[in-house]
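2 protein chains.
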Amino acid sequence: MNKVELLITNGIVMTMDPDLAVIQNGAVAVTGDQITAVDEVTSFSGWAVDKTIDAGGGIIMPGLINTHTHAAMTCFRGLADDLPLAEWLNNYIFPAEAKLNRDMVFKGTMLACAEMIMSGTTTFCDMYLFEGAVAEAAKQAEIRAVVGEVLYDFPSPHYGPLEKGFEYTENLIKKWQNDPIITIAVEPHSTYLCAPELLKKAADISEKYNVPLVIHVSETEFEVSQIKERFGLTPVSHLAELGVLSPRLLACHCVVLNDADISLLKQSDTRVSHNPESNMKLASGISPVPDLIDAGICVGVGTDGCASNNALDLFLEMDTAAKLHKVNRLDPTVMDAMTVLKMSTIDGARSLGLDKITGSIEPGKKADIIVIDTHKPHLTPMYHPESHLVYAVRGSDVDTSIINGKVVMENRALKTIDIETVIADIRDIAKNVVKS
Amino acid sequence: MNKVELLITNGIVMTMDPDLAVIQNGAVAVTGDQITAVDEVTSFSGWAVDKTIDAGGGIIMPGLINTHTHAAMTCFRGLADDLPLAEWLNNYIFPAEAKLNRDMVFKGTMLACAEMIMSGTTTFCDMYLFEGAVAEAAKQAEIRAVVGEVLYDFPSPHYGPLEKGFEYTENLIKKWQNDPIITIAVEPHSTYLCAPELLKKAADISEKYNVPLVIHVSETEFEVSQIKERFGLTPVSHLAELGVLSPRLLACHCVVLNDADISLLKQSDTRVSHNPESNMKLASGISPVPDLIDAGICVGVGTDGCASNNALDLFLEMDTAAKLHKVNRLDPTVMDAMTVLKMSTIDGARSLGLDKITGSIEPGKKADIIVIDTHKPHLTPMYHPESHLVYAVRGSDVDTSIINGKVVMENRALKTIDIETVIADIRDIAKNVVKS
Chain A
370 MNKVELLITN GIVMTMDPDL AVIQNGAVAV TGDQITAVDE VTSFSGWAVD
420 KTIDAGGGII MPGLINTHTH AAMTCFRGLA DDLPLAEWLN NYIFPAEAKL
470 NRDMVFKGTM LACAEMIMSG TTTFCDMYLF EGAVAEAAKQ AEIRAVVGEV
520 LYDFPSPHYG PLEKGFEYTE NLIKKWQNDP IITIAVEPHS TYLCAPELLK
570 KAADISEKYN VPLVIHVSET EFEVSQIKER FGLTPVSHLA ELGVLSPRLL
620 ACHCVVLNDA DISLLKQSDT RVSHNPESNM KLASGISPVP DLIDAGICVG
670 VGTDGCASNN ALDLFLEMDT AAKLHKVNRL DPTVMDAMTV LKMSTIDGAR
720 SLGLDKITGS IEPGKKADII VIDTHKPHLT PMYHPESHLV YAVRGSDVDT
770 SIINGKVVME NRALKTIDIE TVIADIRDIA KNVVKS
Chain B
370 MNKVELLITN GIVMTMDPDL AVIQNGAVAV TGDQITAVDE VTSFSGWAVD
420 KTIDAGGGII MPGLINTHTH AAMTCFRGLA DDLPLAEWLN NYIFPAEAKL
470 NRDMVFKGTM LACAEMIMSG TTTFCDMYLF EGAVAEAAKQ AEIRAVVGEV
520 LYDFPSPHYG PLEKGFEYTE NLIKKWQNDP IITIAVEPHS TYLCAPELLK
570 KAADISEKYN VPLVIHVSET EFEVSQIKER FGLTPVSHLA ELGVLSPRLL
620 ACHCVVLNDA DISLLKQSDT RVSHNPESNM KLASGISPVP DLIDAGICVG
670 VGTDGCASNN ALDLFLEMDT AAKLHKVNRL DPTVMDAMTV LKMSTIDGAR
720 SLGLDKITGS IEPGKKADII VIDTHKPHLT PMYHPESHLV YAVRGSDVDT
770 SIINGKVVME NRALKTIDIE TVIADIRDIA KNVVKS
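Note that the protein sequences, when read in sequence, are chains A and B.
Offset between the first sequence (1-based) and our numbering: plus 369.
Offset between the second sequence (1-based) and our numbering: plus 369.
Honestly, the hints are just simulated from the structure, not real lab data.
Mixed in with the good hints, there may be bad ones.
[As the list claims (entries may be wrong)] Have a look at the derived ranges for each label pair, beta carbon to beta carbon:
1. 635/B with 595/A: 40 to 50 Å
2. 731/A with 418/B: 54 to 64 Å
3. 425/A with 423/B: 26 to 36 Å
4. 784/B with 595/A: 56 to 66 Å
On a predicted model such as this, the values are computed, not experimentally measured, just so you know.
Just so it is clear, CB atoms sit at the ideal spot from N, CA and C, and this is done for glycine as well.
Kindly produce the complete structure, drawing on both the sequences and the hints.
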């Protein structure tokens, strides 16, 4: 008799596999950390099942991939909004971050993990300070994560001089290299805060250990004009000249690109993280994502940090991504629902080098799976599941979440995080943030 | 001893009164359909209270006002997306609407009422066919509504020839004129589907009974070019010449406006309904809302129908409104959180002529109040309630809703709608919609 530890059954399975197969009345079998079978419900009759999760006619799909965030910035959620960028950074964010310590980063990340799990994210890619604490929080929350310490030319409030930053990064890589859910990345901040030597060394470390390289690229017109003034090149062409573009590189934002930039990204198979809500709220601009996709560039979706969004709900980010480009191009056919779903699942995984492991529901992959409860007024009726997933489902409709085979949320109850303690911790931190 | 039937207590009260007063630890007293007192919690000690609702440190605020929707289009939610406008209308929406009948409109509206109450809306303004059924559904759901039968030149699938439409409208006005929560409006579709005589007669009826006049205006470039070709005027200047602009007129969409249009809207004190998500999804364009507000024009927010959005959650519409104009103007200071909150509450009420009754929490107004549960990961910490309400709260965070003094939802349980029956009804309707 066939045996399986966990059967998620009685749902529409959006596999996001290479055929984008949809199984109308399907089930997914999981044993250990792996997906072992995906099929019609009927094909599992007679199987011995240890635990069954009934999707109740809802949607079973791969967990979402948040390709760019600064998780611990949950501590500063809504601290200041609607301000000119310089005033926002200099008068609010930088003074708040001056108080940052390892404990705040751990607790703020734990809150972010709770929010992400509760809204359907099963993998996130983080850039911030004290990333050792981020790795530990993600490990404790049992959420898949790619984390990397931010590197820049000037001394860091965390590790001090830059050499220490590289040393810290390499130590993290070695410490976590065999972990099943934590991956360490090398994360230089940007071309405007990182000298050419820093960028080249970061790329070398990324190549040496074969880990992702993550950087902010061309987020604003101001950044692009700065780099043009300094180097006579756009940020993308500057990175190309330094030999930093590669399939390991994840270029976050990519708002201000010209045609040559797009060609360079394409030729090098560099991956892009699209952060529409942050780009809107900070008034940075609109990334030419439909052009990137037309060019065949792999684009994932990210929320950016909570100070500039102010939430980590990738379902809302998908909704916004789909609509923003339609109105920007005055074309309702761009960024259709399935394209946006791919970006947030399998292409998100690919952009982090994790597409062998996660991003789709296929036998042999790790079990990163979420179940959406569609028995709700705002999800009634349902003609096309992909339409609902992009245009109607919100994070709060995620009922159950499984990461690396482990049920981390069931019926909206978190299994790995003591959420009352986390909320109390962050409220204490917030009191200290506003104390002058 | 002071007596009160209902005390909503222990929350941050966002009054949205003329001073935009915020009471940090406040309470609201309600007797019958009216708000009788708004103050600090301590001032109610010793009062005799029949029923207490504890906001648990969350937010107490006026219910949201959805100034433009086609509620029964919930029946077609997600039927077709991402298509060129003509293909979407001709191949999907019009054939589906050909099957429309009074029963579908009643049930579809009932589903919309459930969704709206569950996401914090306490008043909606509707335009569709069989609006008598919409009034009855709203009355049964006990949600405040402004409803009007759509009028156009050609025979209606509901009432037949146009004269019957005017007759139907006047009969609705007379039937509901003393109702505490239902208001009938006169609703010509648009300048492109309504001849000048229709528009003038509609305005006359609106004036005669002193009820709102609601119309789609300048939603697309195509519409504006059509009216220019036919009349040599923009839709707004065409309406001005016909004498139709007035404080009773609610102009929905107003995407494509020139400076002269804005002046005409301002001079006449015409009100505007802004529908950012629908305008984005249909790729219509971006309304110059910051200019309208700068000019002193009263602007409310609407979701439009579920076929083009695809949900009725005004919290998400606020989030989008705040962010869309920032990126469109490349200015992060436009559409700050409090401006957007005003649009969705008191200015929404004003745009429907209901600002004496609803849209703010003030003694003497009707009790249209919602309570937001902020004890959640994605709403932690909370530095500024107005920031959370626009950028982080979602409809699913609304815990309790009171309309005209009646508790219509408590702890997310609907009190006036049998939601299981409604969901089953709509699933049956959907099966029939896709049957060819």
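For this session: Note whether the CB distance of residue 784/B and residue 595/A lies within 56 to 66 Å or breaks it.
Result: holds (58 Å)
Problem set entry | Range hint 26 to 36 Å (beta carbons of residue 425/A and residue 423/B) holds or violated | holds (32 Å)
For this session: Could you say whether the range 40 to 50 Å given as a hint is met by the Cβ separation of residue 635/B and residue 595/A?
Result: Cβ of residue 635/B to Cβ of residue 595/A: about 41 Å, so the range 40 to 50 Å holds.
For this session: Using the Cβ atoms, figure out if residue 731/A sits within 54 to 64 Å of residue 418/B.
Result: holds (58 Å)
Consistency with the previously given hints is maintained throughout, with no hint failing.
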